[in-house]
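> Spelled out, the chains give:
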Amino acid sequence: MTTDIFEITLLSLKVSLFATGISLFIGLPLGTWLALSQLRGRRFILSLINTGMALPPVVVGLFVAMTLWRSGPLGGLHLIYTPIAIIIAQTIIAAPVVTGLTASALQQLDPRLRLQLLGLGASPIQMVTSLWREARLPLLAALMAGFGSVISEVGASMMVGGNIRHQTRVLTTAIVLETGKGEFQNAIALSILLLILAYLVNLGLTLIQQRGVR
Amino acid sequence: MAETILGMRDLVVRRSEQTVLQVGSLDIEQGEVLAVIGPNGAGKSTLLLVLGRLLNPQVGQVYFRGKPIEQEDELTYRRRIALVLQEPLLMHQSVFDNVAAGLKFRGLPRGEVKRRTEEWLKRLDIIHLRNRPAHRLSGGEAQRASLARAFVIQPEVLLLDEPFSALDAPTRTRLLQDLHALLAETSITTVFITHDLDEALLLGDRVAVLLGGVLRQVGRPQDVFTAPSDGEVAAFVGVETVIAGKVAASQNGQIIVEADGLHLEAVGDAPTGTSVLFCLRPEDITLSHADGSIVSSARNHLNGRIMLMTPSGPLVRVVVDCGLPVVALITRGSANEMKLMEGQPVTATFKATAVHLIPR
Numbered sequence: 001m002t003t004d005i006f007e008i009t010l011l012s013l014k015v016s017l018f019a020t021g022i023s024l025f026i027g028l029p030l031g032t033w034l035a036l037s038q039l040r041g042r043r044f045i046l047s048l049i050n051t052g053m054a055l056p057p058v059v060v061g062l063f064v065a066m067t068l069w070r071s072g073p074l075g076g077l078h079l080i081y082t083p084i085a086i087i088i089a090q091t092i093i094a095a096p097v098v099t100g101l102t103a104s105a106l107q108q109l110d111p112r113l114r115l116q117l118l119g120l121g122a123s124p125i126q127m128v129t130s131l132w133r134e135a136r137l138p139l140l141a142a143l144m145a146g147f148g149s150v151i152s153e154v155g156a157s158m159m160v161g162g163n164i165r166h167q168t169r170v171l172t173t174a175i176v177l178e179t180g181k182g183e184f185q186n187a188i189a190l191s192i193l194l195l196i197l198a199y200l201v202n203l204g205l206t207l208i209q210q211r212g213v214r
Numbered sequence: 001m002a003e004t005i006l007g008m009r010d011l012v013v014r015r016s017e018q019t020v021l022q023v024g025s026l027d028i029e030q031g032e033v034l035a036v037i038g039p040n041g042a043g044k045s046t047l048l049l050v051l052g053r054l055l056n057p058q059v060g061q062v063y064f065r066g067k068p069i070e071q072e073d074e075l076t077y078r079r080r081i082a083l084v085l086q087e088p089l090l091m092h093q094s095v096f097d098n099v100a101a102g103l104k105f106r107g108l109p110r111g112e113v114k115r116r117t118e119e120w121l122k123r124l125d126i127i128h129l130r131n132r133p134a135h136r137l138s139g140g141e142a143q144r145a146s147l148a149r150a151f152v153i154q155p156e157v158l159l160l161d162e163p164f165s166a167l168d169a170p171t172r173t174r175l176l177q178d179l180h181a182l183l184a185e186t187s188i189t190t191v192f193i194t195h196d197l198d199e200a201l202l203l204g205d206r207v208a209v210l211l212g213g214v215l216r217q218v219g220r221p222q223d224v225f226t227a228p229s230d231g232e233v234a235a236f237v238g239v240e241t242v243i244a245g246k247v248a249a250s251q252n253g254q255i256i257v258e259a260d261g262l263h264l265e266a267v268g269d270a271p272t273g274t275s276v277l278f279c280l281r282p283e284d285i286t287l288s289h290a291d292g293s294i295v296s297s298a299r300n301h302l303n304g305r306i307m308l309m310t311p312s313g314p315l316v317r318v319v320v321d322c323g324l325p326v327v328a329l330i331t332r333g334s335a336n337e338m339k340l341m342e343g344q345p346v347t348a349t350f351k352a353t354a355v356h357l358i359p360r
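These protein sequence lines are chains X and U, in that order. 1 is the number of the first residue of the first sequence in our numbering; add one for each residue after it. 1 is the number of the first residue of the second sequence in our numbering; add one for each residue after it.
To be clear, the hints were calculated from the coordinates, so they are not data collected in a lab. There may be inaccurate statements among the hints.
Stated by the list, open to error - Chain U stretches covered by chain X per the calculated footprint, using a threshold of three residues with CB under 8 Å from any CB of chain X:
| id | stretch |
| --- | --- |
| 1 | 49-57 |
| 2 | 76-82 |
| 3 | 100-109 |
| 4 | 140-154 |
Note that beta-carbon positions come from the ideal geometry of N, C-alpha and C, so glycine has one too.
Next up, chain U with everything else stripped away, as it sits in the complex (with noise of 0.2 Å):
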């Protein structure tokens, strides 16, 4: 099991009388990438900022190596970390002189500044802008140099917080992928905050989710987006059909969850008479033709009217009223080929295992 860099235990963060952040128990091993998500205002960037030692909690602890990190000079401490904003924030100077402000700092020989700012401008891919004023960067190149910055410095921990928020979709995929790339290469310890799943899922090793302030839930992407810890979760990472029930009856690992009339299968050991949430991820469904009899291995058919067809990229958005809304995600050449509209009969079906249950 890899070193503990980062532990934190009880931490309360409280401005002007409100609780911004709990946070009972987190560690971040050495080497992995930890995305943070959380809706905004969910207190993600004071947990990077406590993380950097720029703002004290109130209660709790920050461990640095096993060890209370007040122990260590505050100033020795953060030059064990780097740290990279939403906003670039480059100074008025070349962007040379810009990626260099760490080693700088760190009073390094001019000749190690030198080698290491030039390696690190060509491993972001903007060495041809190395004279450019900053602020005559385009946001994308800006954030590159931000990157840049940070990663000069060869933290132990990086501290990245939203960074690629502000920029267009295409720059945003790309400085993605490039840091994904860096990252894997690296093998630096990083918090990764962000509100965007996508980005999540990609970069982060394990995901922990906050919300309201609070830390609900820490684990491997897979787990967390397919077994959230409970409804606001769901609802924060996608689970877009949740359903209140009751277990009607369980058996041998198999349980029927009755919700307004409807008798619906899934697997768990939850006992009979619990009330129960149940969740059911959109990428999950798979919608048919009414007419047609459907043989298969799918214990759930729910049969429905189309009430609302709203597409997103190669997706569209299929909600269904099965006497329940039904939230089912399918490509653009399903619904074309199906000739799916609003108002017509279709059925949704989806595994029993598909099912995540969450009880209340």
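Here chain X stands alone, though its shape is the one from the complex (with noise of 0.2 Å):
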């Protein structure tokens, strides 16, 4: 039990983790783009993605599952029941959320300072990464709020995981695994291991996100 509960808890972290860095590499631009750009349709796009961010778990890993099943559009890549299909599924979830709270973030910057940014000769890509510093607040907090959501959620893991032992386990799945079987005891050990990584994951974070701050 004890190497297994290690096995789970490092592939919910692995999991979790690369799904958060797809969606940041995916979100920061995306949401930069959105927050600056001036385009017409900027509003209804950011409507849709606000929308996104309250994605439920479950209908995710229901597309998800379609998508990867043996006789899906990309069943061909037997990617069903495997950590892979998490992390999609996860990134689709976390994305949202990354890209909606990285506009908001740039967009409570005061739009001269981009004027001003440009007028002590910035290049583009040097006044959006000062905004990005600027706003690293709550940009970190995006980033959080990214990895909270999938972390914690359990729907699409199952779904598109199968919760399968040695492969496919992750610590939210198993905590439901372990309550249906009446194993309270271990369902509890594994919630607690659950609060308590992402208790580190987020004291991380914050202890970059509150650096140099006073």
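Each of the two chains sits in its own frame; use the hints to bring them together as a complex.
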């Protein structure tokens, strides 16, 4: 059981960090672009992204499962019931969160700050990285919210991962299983582990976020 | 004659179908300080953004050293200028890092960044604040940091957008004097935007007047302030007495203007019968007790009664009803010694040469 717990915890952490990382990779540029561009359809896209922030994990799980199912459009990739399937589903859950919160973080900055930076000779990329640094508190909050949304979700992991022992069992699916079996002690132990894990990751991000804040 | 750094020809900027800026022709010469004045919403900031290449005009052309600015890469052009806005807009970093920002954007070596940043922190008298987080500066300190951040770049053109309008009066006065000295020492070509006439008079080698988005007049401060090109410019630059009249007689450069039954003397060459605006600056009007017989070389003596006295700082603005309202600006000392009060009869005296006639 002890090695099992270690394995489950590590997989949870790996899958959710991966999904959060990919979400950051997509969400930071996309959210920045949505915040800064003067595109006509910008508000419409933002409303879609904000709806995406409230996507129920089971709905995401359903669509990813249908897509990766052996007879589905991407069935040939044999990804269903693998950790990669969980990462895909969790990325779909976290990316709108990171994108939407990134956009709102940058929209909160004074719009004249962009003019000021350009007026001091910043290139477009220097301007954007300066804005990110200026908005680093809400941006790291966006990252924490993204991680929080996936480390705690169970529906999608269950549906596309299948809760297979030694392969796709993560903390949340294991808790569901143990509770179903009436093994409350195990379920409680796993829950405490999940909370500690979430705490440690957020502690790390908070320390980065609050660095230099007085 | 100095080289022209920036030139504008037939500029039009529109925002949602409305023309917000219209400049026929304006040249800014190497080393000069051009003060752009106008009330709020006159298009002053828009002009600055166009010069900084942060806004493209719909019509017209901006030239840099004789070449259309589009011939040069946008970033290269923007790195020739430095912008200071009304709000200092400092980043959440130390004062040093804020002031060094422009140099870091340009990828200068660390040693040079440090040397130049420290030099300008010293010149703006904020070196002792170098490690302080910028969001904990007072308004005046923050604007000093913002100025240092622009000067340190050693730009070819410095663009200042009302940098002092958010500051309290004593801070503003000190900073204005320091900026005046720095501009004289560095001879950086500067476009300085303000709605404050005193700032324009102090800093500007030349003054441009923008009203309702249109460039109305450009010239030396004394010319703009004493010879405004039209009635609206006159009203804005503080020629408070503007009387509409007709030239009743004109001979040898001496003109008699008739307005509301009064005959006023001025100097000029408008032909008889033309409609004119008769403009007087309040500083040019002398008040005396109506009973005393006045012997002086001044050609115009108008008798009237004091309608209104408004103190402003060391001065008192006195409105005299002489059939027409005439506004005089006198010192508080004069007002006290003469025991002036509202309702009292006085004589307003001014020289024919103090009158500025604008034909209509």
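> State for each hint whether it applies.
Hint check:
{"no.": "1", "hint": "49-57", "verdict": "holds (count 3)"}
{"no.": "2", "hint": "76-82", "verdict": "holds (count 4)"}
{"no.": "3", "hint": "100-109", "verdict": "holds (count 4)"}
{"no.": "4", "hint": "140-154", "verdict": "holds (count 3)"}
Violated hints: none; the structure is consistent with every hint.
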